[in-house]
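**Q** Read off the chains here:
Number of protein chains: 2
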Amino acid sequence: MRDVAVIGVGMNRWGELWEKSHRDIWTEAALEAVADAGVDRVDAMYVGCMSGGLFVGQEHLGAMLAEQLGMGPIPGTRVESACASGGLAFRQAVLAVAAGEHDVVLASGVEKMTDVDGGAATYALSTAADQEYECYHGITFPGLYAMMARVHMHRYGTTRKELAEVAVKNHAHGSMNPLAQFQGKVTAEQVMESVLVADPLRILDCSPITDGAAAVVVASLDAAKRMKGGAGAARPLVRVAASAHATDSMALHDRDDLCWLGATAKAAEIAYKKAGIGPEKLSFVEVHDCFTIAEIMVIEALGLVERGKGGGAAASGLTALGGKIPVNTSGGLKSKGHPVGATGVAQIREAVLQLRGEAADRQVKGARYGLTQNMGGTGASTVVHIFERIERGQGGMER
Amino acid sequence: MRDVAVIGVGMNRWGELWEKSHRDIWTEAALEAVADAGVDRVDAMYVGCMSGGLFVGQEHLGAMLAEQLGMGPIPGTRVESACASGGLAFRQAVLAVAAGEHDVVLASGVEKMTDVDGGAATYALSTAADQEYECYHGITFPGLYAMMARVHMHRYGTTRKELAEVAVKNHAHGSMNPLAQFQGKVTAEQVMESVLVADPLRILDCSPITDGAAAVVVASLDAAKRMKGGAGAARPLVRVAASAHATDSMALHDRDDLCWLGATAKAAEIAYKKAGIGPEKLSFVEVHDCFTIAEIMVIEALGLVERGKGGGAAASGLTALGGKIPVNTSGGLKSKGHPVGATGVAQIREAVLQLRGEAADRQVKGARYGLTQNMGGTGASTVVHIFERIERGQGGMER
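Order-wise, the sequence lines are chains A and B. Position one of the first sequence corresponds to residue 1 (our numbering), numbered consecutively onward. Position one of the second sequence corresponds to residue 1 (our numbering), numbered consecutively onward.
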């Protein structure tokens with residue numbers, strides 16, 4: 001297998017983009033990534049999208065967007081894994097380059113969620129859970145994560161305020177991200193006094209409904225080293241050190257432990273082994289904080305904190321910018337927004353910016369390894385990637 | 001890249017399966033493929049499905065079906081490219097094995113289309129066309145293919161009876177396929193007198209709404225040669241000689257030629273080059289005859305007949321079993337049925353049966369190379385695969 005590098009990134013301003021179609025917002029991000037990579041053509045493209053059918057009445061996005069990019073007849077493939085669609089689309093792009101099938105590939109994600117009303121959006125999102133075993137009985141995602149939160153609070157003593165601190169931290173990070181949907185800070189009191197959605201989760205514990213897209217360009221590491229064009233020439237290279245994907249039971253009732261994310265733990269185990277590093281080597285991580293409790297469970301499953309100890313991480317400053325292991329410097333799903341198919345790709349964009357030293361006010365100093373974790377549903381599918389900064393040497397390219 | 005072989009196939013009886021869920025029908029096919037391969041585990045699985053969201057209210061099928069197979073936490077990835085979803089899922093599985101990322105991978109497809117009424121099914125299928133440029137203005141797939149047929153008839157003199165002969169041939173083939181949805185033969189007169197859908201296409205020119213699934217198992221060719229288990233030991237090996245994917249404009253109005261399938265021609269060109277053969281070497285092909293006119297256009301784009309000469313192929317016997325190049329010995333989408341996400345994988349199953357010499361009454365004698373062509377929408381995405389029979393030598397394994 002060939003080593004793979006990310007050579008370009010793009011993302012549009014996320015939010016409620018009523019004046020733009022899904023096609024428009026995807027194109028903004030994709031063209032930016034291609035320009036950032038300094039290439040004039042890609043050999044293939046992948047797009048992660050959770051439910052083009054239910055959100056915008058459009059499936060067959062691979063073909064449509066390859067044409068939209070002006071690059072038909074290149075292969076265009078849509079990949080879906082609920083809210084992990086973007087991360088999984090990126091993984092397929094990496095495999096295509098690693099296999100030698102394609103040399104330069106665009107990996108992207110898009111979701112246009114505000115063309116339907118809130119009820120229809122909630123229904124569309126519920127198709128990420130097990131319809132027959134969960135949704136037909138009336139539960140939706142806030143309820144599922146609320147049950148996970150309740151178990152975590154009961155078993156480990158996690159507090160309502162600790163949940164709120166995750167939102168406080170991520171909104172603070174997002175206030176430094178000019179593309180984030182929400183750029184205001186919140187206090188723990190504001191979170192705890194916000195509208196109740198599914199006890200104990202309140203509206204400020206939940207990631208929003210968002211329109212948005214993100215895209216990155218991957219190429220073989222060898223090709224990336226030879227590239228002189230674009231803005232890439234003066235930048236460090238970003239190598240894909242590991243790509244891993246694992247699954248868990250779809251329905252919560254089938255799991256041994258309601259507040260342990262088995263697929264995340266499994267994917268992380270594979271990824272650390274492939275990259276040859278452990279979690280202590282990571283400079284930062286971007287994780288799937290669709291609800292505040294999710295970030296708490298994820299950092300446990302990634303081995304950043306002990307099992308059961310995720311609750312205190314945000315409040316203690318451990319996971320804040322400047323802390324030992326900054327989590328979600330982009331603002332996370334909570335503040336940046338969560339256009340479900342795009343989220344996993346936007347995480348990768350943030351990792352690339354950090355490793356290039358281009359993250360501006362939210363830069364993690366000296367970042368060398370970064371990890372992204374993107375999951376679908378209540379964690380039934382999880383994709384983990386590890387990225388490594390590689391300096392370009394003076395007299396040539398060196399590791 | 002490693003050479004890849006298909007080592008197992010499975011498919012359930014297709015039709016209106018009201019007593020089974022999408023989960024049930026997928027599992028039947030998947031377990032049969034795993035048993036046929038003689039393996040007790042796969043390392044990853046891919047599933048092609050066009051619109052789990054609109055047909056059954058269930059996305060996130062990769063994770064759900066990996067669990068359903070009893071093989072979680074293996075990676076489970078859903079791929080969508082409208083009616084080419086199955087072929088494209090197979091292609092991703094091939095790439096994963098070729099890259100060395102996984103050794104034994106299940107590639108599958110499923111669609112459960114009869115849980116919604118006809119209007120909702122027509123809407124769901126229309127999401128394979130360009131919603132903004134085509135469907136919002138009222139057209140659906142029979143209308144789009146009817147326009148293509150009218151141009152073909154006008155330009156090349158293709159007749160109404162020639163369209164009908166495609167249906168006659170494929171129903172005759174399907175009458176020998178015990179898993180086909182329709183197993184009765186039809187006459188050209190019956191086709192031409194059947195209910196008008198979109199002039200000139202009548203109901204017997206159209207593939208049906210179907211519930212069904214199909215699955216195959218792929219492994220590296222080297223691993224396949226070493227396998228002694230299952231029913232595989234005594235069988236010829238089936239090598240994936242080429243995998244190709246191309247796209248075309250989504251909306252018909254953007255194409256240079258309304259009745260030329262550019263993505264099929266492009267994918268075929270790539271596939272012939274990869275396989276090192278031309279169309280004259282093929283023993284049979286399975287093509288995407290969603291409408292009778294589609295088969296006519298596809299065999300032209302594949303180079304089996306001259307451009308504009310597809311109309312006479314079925315009537316002359318050229319493409320019938322026993323003819324020079326049998327097309328759709330399985331019965332095709334027309335008779336076997338068309339559960340959209342499963343179709344591309346079922347085509348591959350038929351190719352494997354033919355190359356193994358296991359196609360019973362519909363066997364093509366001495367088949368050595370077979371091609372499958374699976375397309376989405378009006379051909380905006382097309383996946384072409386070429387398969388080669390490799391005999392196992394007496395004293396070992398030989399090409």
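Please note: incorrect hints may appear among the correct ones.
Since the list can't tell identical chains apart, any single copy or any two copies may satisfy a pair.
[What the hints assert, rightly or not] Computed list of lysine to aspartate or glutamate pairs in EDC-like fashion (alpha-carbon distance at most 16 Å, straight line):
no.: 1; residue 1: 274; residue 2: 16
no.: 2; residue 1: 20; residue 2: 132
no.: 3; residue 1: 225; residue 2: 391
no.: 4; residue 1: 273; residue 2: 101
no.: 5; residue 1: 309; residue 2: 117
no.: 6; residue 1: 274; residue 2: 101
no.: 7; residue 1: 20; residue 2: 391
no.: 8; residue 1: 161; residue 2: 16
no.: 9; residue 1: 273; residue 2: 189
no.: 10; residue 1: 20; residue 2: 269
Please keep in mind that the hints were generated in silico from the structure rather than gathered at the bench. Quick caveat: nothing in here was measured; it's all calculated off a predicted structure.
**Q** 16 Å Cα cut-off: does residue 274 pair with residue 16 within a copy, between copies, both or neither?
**A** So residue 274 and residue 16 fail the 16 Å test inside a copy (39 Å) and across (46 Å) alike.
**Q** Indicate which option fits the pair residue 273, residue 101 if close means a Cα-Cα distance not exceeding 16 Å: within, between, both or neither.
**A** Between. Shortest inter-copy distance 14 Å satisfies the 16 Å Cα cut-off; intra-copy 25 Å does not.
**Q** Can you give me the call for residue 20 and residue 132, within, between, both or neither, at a CA distance of at most 16 Å?
**A** between (35 Å within a copy, 13 Å between copies)
**Q** Between the shortest in-copy and the shortest cross-copy C-alpha distance, which are at most 16 Å for residue 20 and residue 269: within, between, both, or neither?
**A** neither (40 Å within a copy, 37 Å between copies)
**Q** Reference check for the pair residue 20 and residue 391, CA-CA at most 16 Å: within, between, both, or neither?
**A** Neither way: residue 20 and residue 391 sit 39 Å apart in one copy and 56 Å across, limit 16 Å.
**Q** Under a CA distance limit of 16 Å, which applies to residue 161 and residue 16: within one copy, between copies, both, or neither?
**A** neither (29 Å within a copy, 53 Å between copies)
**Q** If the cut is 16 Å between Cα atoms, do residue 309 and residue 117 qualify within a copy, between copies, both or neither?
**A** Neither: 38 Å inside a chain and 50 Å across chains, both beyond 16 Å.
**Q** Is the C-alpha distance from residue 225 to residue 391 at most 16 Å within one copy, between copies, in both cases, or in neither?
**A** Within. Shortest intra-copy distance 10 Å satisfies the 16 Å Cα cut-off; inter-copy 43 Å does not.
**Q** Have a look at residue 273 and residue 189 and pick one of within, between, both or neither, based on CA distance no larger than 16 Å.
**A** Neither: 41 Å inside a chain and 65 Å across chains, both beyond 16 Å.
**Q** Checking an output row: residue 274 and residue 101, CA cutoff 16 Å. Within, between, both or neither?
**A** between (21 Å within a copy, 11 Å between copies)
When the structure is compared with the earlier hints, violations turn up for hints 1, 5, 7, 8, 9 and 10 and for no others.
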